[in-house]
Amino acid sequence: MAAFGREVGREPFSRTVCGESILFWRTGDGRVTAMSDRCVHRRFPLSEPPSHLVGDTVVCGYHGFTYGADGVCVAVPGQTRIPRTARLRTYPVVEQDSFVWVFIGDPHSAATLPVPRAPWLDMAGWTTVSGMEPLAARASLLVDNLMDLSHETYLHGGYIGTPEVADTPITTEVDDAAGVVHVSRRMADAACPPFYAKSTGITGRITRWQDIEFTPPCLYTLHSRVAPVGVLPNADGTDPDAFHVEVVYAITPETESSTHDFWAVARDFALDDEQVSDFLRESNRTVVLQDVAALNVLERVLTGEPDGYQELSINIDTGGLAARKMIARLAAGAP
Amino acid sequence: MAAFGREVGREPFSRTVCGESILFWRTGDGRVTAMSDRCVHRRFPLSEPPSHLVGDTVVCGYHGFTYGADGVCVAVPGQTRIPRTARLRTYPVVEQDSFVWVFIGDPHSAATLPVPRAPWLDMAGWTTVSGMEPLAARASLLVDNLMDLSHETYLHGGYIGTPEVADTPITTEVDDAAGVVHVSRRMADAACPPFYAKSTGITGRITRWQDIEFTPPCLYTLHSRVAPVGVLPNADGTDPDAFHVEVVYAITPETESSTHDFWAVARDFALDDEQVSDFLRESNRTVVLQDVAALNVLERVLTGEPDGYQELSINIDTGGLAARKMIARLAAGAP
Amino acid sequence: MAAFGREVGREPFSRTVCGESILFWRTGDGRVTAMSDRCVHRRFPLSEPPSHLVGDTVVCGYHGFTYGADGVCVAVPGQTRIPRTARLRTYPVVEQDSFVWVFIGDPHSAATLPVPRAPWLDMAGWTTVSGMEPLAARASLLVDNLMDLSHETYLHGGYIGTPEVADTPITTEVDDAAGVVHVSRRMADAACPPFYAKSTGITGRITRWQDIEFTPPCLYTLHSRVAPVGVLPNADGTDPDAFHVEVVYAITPETESSTHDFWAVARDFALDDEQVSDFLRESNRTVVLQDVAALNVLERVLTGEPDGYQELSINIDTGGLAARKMIARLAAGAP
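So the sequence lines, in the order shown, correspond to chains A, B and C.
If you're matching positions, the first sequence starts at 1 in UniProt numbering and goes up one per residue.
If you're matching positions, the second sequence starts at 1 in UniProt numbering and goes up one per residue.
If you're matching positions, the third sequence starts at 1 in UniProt numbering and goes up one per residue.
Don't take every hint at face value.
Identical chains blur together in the list; that is why a pair holds if it fits in one copy or across any two.
What the hints assert, rightly or not - In the SDA-like style, the derived pairs of lysine to any residue whose C-alpha atoms are separated by at most 25 Å in a straight line are: (1) K198 <-> R81; (2) K325 <-> P83; (3) K198 <-> E48; (4) K325 <-> L121; (5) K325 <-> A86; (6) K325 <-> C18; (7) K198 <-> H223; (8) K325 <-> V292; (9) K325 <-> H182; (10) K325 <-> F13; (11) K198 <-> R6; (12) K325 <-> T171; (13) K325 <-> V17; (14) K198 <-> V72; (15) K198 <-> R26.
Calculated directly from the structure, the hints in this document are not laboratory data.
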């Protein structure tokens, strides 16, 4: 996942994904393009001023090499003949669920791989707040972090953590066929942390469900269900007396040691309440920045470790380890 | 080219050239000396306070090792015997055309190589403004930049660039015998950019000649001729109705990835007009800083590229490629 | 030497020694513990908030792994079974002379090696000021610096340096049996630098003795004796008319290229005079920072030198070279 759709417009916009600098812009008819952010001539970034768009072309700010939306060069300085090889690599793009996805691997494989979905982010009946925080740590540290929410108790106390989170055992299910890792923690009677108390108005203790789904390469969704103690879904699956929040992360490697930490919080209640939106945006951003601070420390620590350092895993790590394995398999080219 | 003569005086002054830290100072009778900026004892820099000059010697600020203008150690602490090997490497120096040149290679080869000339910078009938900007990029990027002025149109619009520069084809001539690369662009009828309009007072369109000479290892001169449209030199070579500007650069590697970007602008008109001097100094510095910003970006880009990345060259690059080749040949020891 | 005893209390405190991040804290009964500052789970630093002490345990701020003073893990989240291998490396510790010492090598060798002593720092009849300055240079540069005080004349003029220091020859004695290097400089008639003039009240010239002892791996003591010219110790060794200052340094490598520069100045006069204490603290800190500035420059210089660069040693360097050799022998495992 490379960007929120709202980030891409009629200015050249660059983001590095898996070490590749990619230029994004919208054509006059609103289509998102993705191409290499390096002019073929001397590798000047097409996102760097004075580079700029002219109609459906982008003009390099150094010598004026000009490219169309298909990456093909259409003008060079001082001569009319354009070299046959003057074209930028382009990337398959899908805009969906408010996200812009690009395919970094062999473009011929792109069509065979489904793009993970997060429909709540762009669906009637839901309201979403979202953002992105740069993380100076390898992506796997954020995968670990999010797949094991027991850390909420320690790192996010006063926001989303309560003692019950770390104390309640989890169940983990790895669905290799569907390519999804599930981690579930169901708390029948727990304290209600401020994040949910202030947004829902619940004043007492709660039944709190955390159902995580991770879909490689990078989409994480926490289906969060909060209700007064004892309130359960109806037999037919309807659940009118609970509050539902979809906490979505896209964990996109920027380089081997830095990550784009995209986050979104969608809710099915208080849909038009700006105060609730402001509160959830501010709270979730604070929680994300607590993770960012801790993981940035961890990245510096790991960089300084000698090769072959050990980590020790316990039950809570099962989901994170499964997710790492699925990503590795995908990166190695397995279907 | 290591320094402007005005930079070297009776304070130890250090500059790194091709990775070597060189100490410059003037003896009592005004001669420039160039020697290693590292005390032979524990390698403390002789340019670092409290190191200082005493008469025609330099005293190390750490333990007081003292050296003459010939680099030979004349005093050490706590003993009268001075080790025979206690001497600093010295460098052949030539001060000429307001520049201080040093020879970095085998000193025995120094005498066989002519020092490139830029006489306008220190000659009656000309007025010069000059400066140096540090560039965080390899020297070859600045060679490329200056040998191909089509970038003026894009990077320096509003200062020295107009559409005609990028549009007008160039002629390139490589004189291997003389060791000079010539690139020439003659615009018969072009817009007059502010740099020339404000300094010469010309109000209409101009005939604009750009005749470049590059002499390895690092001297670049743009012979710039500007006159109202149609005004040409006389048959005898005199040219009283044109304005002549010599734009000189010395492109000196500091390290493999940083460069001293020395620049000077000499003119044969408005010789005593301080306002014109101030305007040209400020304008050219702005243009140099535009190049510095772009090339610093480019250096970071290239550092991040995988080995074997491609660049694509067209006609405008002929001069830069020839200059690179001449420098490489010289560095490899060819005459 | 890892810390002053006063630095270690009931907050987790971390310091890197020889590249190892070590966590220090005091148990409820005041004992100093030293253990690895990396949680065995995902290597989060136990010194990093929100990690914290609970009684005689330290709780990891990321997921709550909890360790006793012996480094053994006593609690993990979400399960009651604690993995057998969940324990932190601990380090032998000695608290003595106001210093906290740790043993970094094979713990079985710790008992066979005596801990160097600096009794004046924590002894009746003496008053001490002390501090630590971080040095961005390899420890051997500080060893060199302190073993050869001729640099006082150049680098510390106006504080502790006078011309006599650099001019007076030294005697060096290497006692391999005791594992001590002695360097001695006895000035019979010298100017009194401000450091001693203002603290002792002596107004004229002085007899100044500098007797250095270096005990590997890192303890340096300068026994400094200052008295009016001609005043010598009595035949029985008593010395009532002189002023004695013990200038102690512990030179502890943080990494290969950075050092903890611990310093202390103990005196046997003006014991309760806060003004003298303030003056000596401020003066010695200034002198230490002059060394730090010079050695930081030198480290950057040496990092940039090609392999196999030369240094040139003279008489004054004998002590430093002997100290380097003793440290190297100890590091190689010799007794």
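Structure-based check of each hint:
1. In this homomeric assembly, K198 and R81 never come within 25 Å of each other (Cα to Cα): the closest approach is 65 Å inside a single copy and 36 Å across copies.
2. Only between protomers do K325 and P83 lie at most 25 Å apart by alpha-carbon distance; the minimum there is 23 Å, versus 44 Å within a single protomer.
3. In the homo-oligomer, the alpha carbons of K198 and E48 never lie at most 25 Å apart, since the shortest distance is 43 Å inside one protomer and 29 Å across protomers.
4. Taking the shortest alpha-carbon separations for K325 and L121, neither the intra-copy value of 28 Å nor the inter-copy value of 56 Å comes in at or below 25 Å.
5. Taking the shortest alpha-carbon separations for K325 and A86, only the inter-copy value of 24 Å comes in at or below 25 Å, while the best intra-copy value is 39 Å.
6. For the homomeric pair K325 and C18, the shortest alpha-carbon distance inside one copy (18 Å) is at most 25 Å, but the shortest distance between copies (35 Å) is not.
7. Taking identical chains as interchangeable, the C-alpha atoms of K198 and H223 lie at most 25 Å apart only when both belong to the same chain, with a minimum of 19 Å there against 67 Å between chains.
8. In this homomeric assembly, K325 and V292 come within 25 Å of each other (Cα to Cα) only inside a single copy, at 23 Å, whereas the closest approach across copies is 45 Å.
9. Taking CA atoms no more than 25 Å apart as the test, K325 paired with H182 passes inside one copy only; the shortest distance there is 14 Å, against 60 Å between copies.
10. Within a single copy, K325 and F13 get their C-alpha atoms no closer than 32 Å, and across copies no closer than 36 Å, so neither meets the 25 Å cut-off.
11. Taking identical chains as interchangeable, the C-alpha atoms of K198 and R6 are never at most 25 Å apart, the minima being 28 Å within one chain and 44 Å between chains.
12. When the C-alpha separation of K325 and T171 is checked against a cutoff of 25 Å, the pair qualifies only within one copy, where the shortest distance is 18 Å, while the shortest distance between copies is 59 Å.
13. For a Cα distance limit of 25 Å, the shortest separation of K325 from V17 inside one copy, 20 Å, qualifies, whereas the shortest one across copies, 36 Å, does not.
14. In the homo-oligomer, the alpha carbons of K198 and V72 never lie at most 25 Å apart, since the shortest distance is 53 Å inside one protomer and 40 Å across protomers.
15. In this assembly of identical chains, the alpha carbons of K198 and R26 never lie at most 25 Å apart, being 39 Å within a copy and 40 Å across copies at closest.
Of the numbered hints stated above, those contradicted by the structure are hints 1, 3, 4, 10, 11, 14, 15, listed in ascending order.
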